[in-house]
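Undergrad: Sequence:
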Amino acid sequence: MRFVYLWNDPDRTLYDISTVPQNLLVIRPNAATTLSILAERLKLLQVQYPKLELNWLECPLTCELAVKPVYLRSSDKISCLYDHHELARWFDKGVKPDPLGKAQGVTANSYALATPKKILEFVMDNINSAVKAAIRAEKEQTGNADIEEDIEYAINFFVYDFTQNPPAKIPVQPGKEELQRLKRTEKYLSWEEPSFIDWLFCGFFKEEKPKDLQSERLLVEREPMIP
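The numbers in the working numbering rise by one with no breaks, and the one at position 165 of the sequence shown is 151.
Hints in this document: simulated from the structure, not taken from any laboratory.
Heads up, the beta-carbon is just placed ideally off N, CA and C, and yes, glycines get one too.
Fair warning: there could be bad hints in the mix.
Said to hold, decoys possible - Cβ-Cβ distance ranges computed for the label pairs, FRET-style:
| # | residue 1 | residue 2 | range |
| --- | --- | --- | --- |
| 1 | 76 | -2 | 29 to 39 Å |
| 2 | 163 | 7 | 15 to 25 Å |
| 3 | 118 | 163 | 22 to 32 Å |
| 4 | 160 | 91 | 45 to 55 Å |
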């Protein structure tokens, strides 16, 4: 599933792109933006569960959300997100253990850049246990044994179906000139960059890849340019 948010939406609500009308300009977030959006979404749960801990979202080296999130390549699932820049500083003298001891004898090249999809999977893998830990902490403090523990957060808590949960107000859409200006900015790609195989195949046979009907109204956030 590919998810996006509406251009000019201050809440940056995430939607499944296949459910969004094609006349609306949408933005596909990069990994850092996805992490930021999901963190804001999770803060809403703290109203219901005041003891909910969200520090597992943060880079352990900075205690802040990663600007360019990476994870240990050898892990089947992401167990921790690091900031690329801070991790590079950690490994500035070569081979070291992972900062949290998850691996020995690794280098900065042992970590991969997280994708938006990986970020969403990371949150989905961790949120249920985090909420249950908050409930147990609440029980220990209040002695309330009636608090519900059987909690499963579906993906639609984070990514909506536009047809079922449209925004109360559709954001003002850009005019033709504004749209062209946005497509030329360094922040966005206005189309999906083809894979090497697509480029090779299309170049060899002198054919263009079939046009994505959504591409005209899709901006893709570039990853931050951080050394």
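Undergrad: Next, verify each hint and record whether it holds.
TA: Results of checking the hints against the structure:
1. 76 <-> -2: 29 to 39 Å: holds (31 Å)
2. 163 <-> 7: 15 to 25 Å: holds (22 Å)
3. 118 <-> 163: 22 to 32 Å: Roughly 51 Å apart at Cβ, these two residues miss the hinted range, so it is violated.
4. 160 <-> 91: 45 to 55 Å: holds (51 Å)
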